[in-house]
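Sequence lines, in order, name chains U and G. Taking our numbering, the leading residue of the first sequence gets 1, the next gets one more, and so forth. Taking our numbering, the leading residue of the second sequence gets 1, the next gets one more, and so forth.
Hints may contain errors.
Stated by the list, open to error - Covered by chain G, per the in silico footprint, the following chain U stretches (three or more residues, Cβ under 8 angstroms):
no., region
1, 298-305
2, 340-354
Stated by the list, open to error - Counterexamples of contact, computed for chain U against chain G with all Cβ distances above 12 angstroms:
no., residue
3, 226
4, 261
5, 310
6, 395
Bear in mind the hints are in silico, worked out from the structure with no lab data behind them. Every residue, glycine too, gets a C-beta built ideally from N, C-alpha and C.
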Amino acid sequence: MIHSVSTQSSVRRARRPLHGQVIAGVAIGLAQHLRLPVWVVRGAFVVLAFATGIGVVLYAAFWAVLPLDVDSDAENTTQVRAADTTRLLALAAIAVAVALLLTASGVRILDGIFAPILVAVFGAALVWRQTDDEQRDEWSALAGKAARHTAGTAASAGSWRIVLGTGLVFVAIVSLIVGHTSVGLAVQALAIALLIVFGVGLVVFPWAYRRWRAQNEERRALIRSEERAEVAAHVHDSVLQTLTLIQRFADDPQEVIRLARTEERALRSWLYAPVGDPTRTFAAALEAVAQEVETSYNATIDVVSVGDAPLDVGLSPLVAAAREAMLNASQHGGGQVSVYSEVDNVRAEVFVRDRGCGFDVSRIPEGRHGVRDSLIGRMERNGGTAVITSSPDSGTNVHLVLPLHKVSSP
Amino acid sequence: MSERRLRVVLVDDHAMVRAGVRTELGDAFDIVGEAADVASANKVVTAQRPDVVLLDVHLPGGDARAVLDHCVPLVPETRFLALSVSDAPDDVVATVRAGARGYVTKAISGSDLRDAVRRVADGDAVFSPRLAGFVLDAFAGGAAEKDDEIDRLTPREIEVMRLIARGYTYREVANELVLSIKTVETHVSAVLRKLQLSDRRELAKWASSRRLV
């Protein structure tokens, strides 16, 4: 695995990279810092490890001291996950190699202290690696929350690693004690050790627990204050703005009505509406079109929607035709315009109705592009229908029907 | 319409709204009481036994449901009409299911509101276009799992609801379907009864799916 040496050298401290490492990235970090090839550093560690064992100690010391290089965090976290097993194998191999070498050089490791120490080192390495991972996960969570679902699986993998590592360290300590004293003494020593651990835990636990609670509390408060800020921003942006405008246009009742109506609609959709994206769902798109027409023509358009569908099943022409109908109704009908839409599995319907004086449908002039092209023509081109009925006493009614192209059955 | 002037109680926590409604209704009806919260509403309504109560959905100390739960058993002859700015589906449906005879928004015109009060006093239901839309939405989705008559709308009732959702008045619905106004009112009342009594799962599911988060 060859690590591409990053060119950003503004960071003068040696750091451990997040990717490409065999164990913890100490060698890569040092190599970058010293501007040496990685294999030189790795070789030095291996030689030192086998010569006197100092290499292992040095490596551990660097691991503990060198910070992770978060800035170089690439998007590819799966690569790191895949390499986890490689790293475990490397650790195990080093442990075995050291053991074999010591045996060969005449040190009897089995009843000595080397085996327990090796086991302990291996266990500690496991736990340390895990804290590295958690640190990185925290950062990636802060950075983009993208790795949330991978973090979940990593957490379960991480907990077994911590348990295994802790267990190994514990076994090593126990076997150290047992190997060098009588059984009775060993039990006593073990009891004392456990008592000490328990005592320390007793002292530390309330503090750690409180810290953890405080952190949670802080996070919750942060979320709450963000929510409040969002509401405040909305009220400030739109409501206060509109109130100011209404005061300025106090002499112009039409404008005041329009402003109040626009703001009412915006606030209503913000508070109550099923959150819909006008570029995605039909009902939201219809609502958005109604608002746009209402704003430019001083009409009141009430939209009632039953059922909904994504726009991309071919509903965009229907929205466009409905907009045309609303425009006509607002311009010529005046007053109250009612829009009703109903979407089921096979078709979408829109009714647009005004209470104006109506017009003679059979005598729409050829040149009227609005009705002929934008309404009837558009619907027919898309396989739908547009029926316009009008009478002087009940206003004009436009009925648009569009069969749905089934893209996928639910 | 009737010789006797209808007695009306207004329940709304905004004094300005009460004043506005009072001026719009004062000529046609006797406003016999006003209340601004749940406790005083319960007191006024049970003491005055009005014909119609205009009830805001959100009140200090509870909501319209609290008033309805308390008053409907005590004054069974009083009709309740919900009057609110809220368009939230669960507000609307919950209030109607708690016993309101109808639901209109505060944007309603004075003459429409007077009509609505008279209609409710006569025992009929008052559906705004939006409420009709909610009903169609809630009862949509084919046959209910229980083949109960209460859980489904008849084709005629669906037709009536559709027209109301499209902004038709009862008279216009009657003209369109060639029915008498009385028949339209009967259909609407039947739908109201179904909305109040049906325990069909879709209704609850629908309401919760449209709830605010």
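Structure-based check of all given hints:
With 3 residues bearing a CB less than 8 angstroms from a CB of chain G, the region 298-305 of chain U meets the requirement of three and the coverage assertion stands. By the rule of at least three residues with a Cβ nearer than 8 angstroms to a Cβ of chain G, the coverage given for the region 340-354 of chain U holds, with 5 such residues. Interface exclusion of residue 226 of chain U from chain G stands, the closest Cβ pair being 15 angstroms apart, more than 12 angstroms. Distance check for residue 261 of chain U against chain G: the nearest CB is about 9 angstroms away, which does not clear 12 angstroms, and the non-interface claim fails.
Every beta carbon of chain G lies more than 12 angstroms from that of residue 310 of chain U, the smallest distance being close to 17 angstroms; the non-interface claim holds. Its beta-carbon lying about 10 angstroms from the closest one in chain G, residue 395 of chain U breaks the requirement of being farther than 12 angstroms from that chain.
Of the numbered hints listed earlier, those contradicted by the structure are 4, 6.
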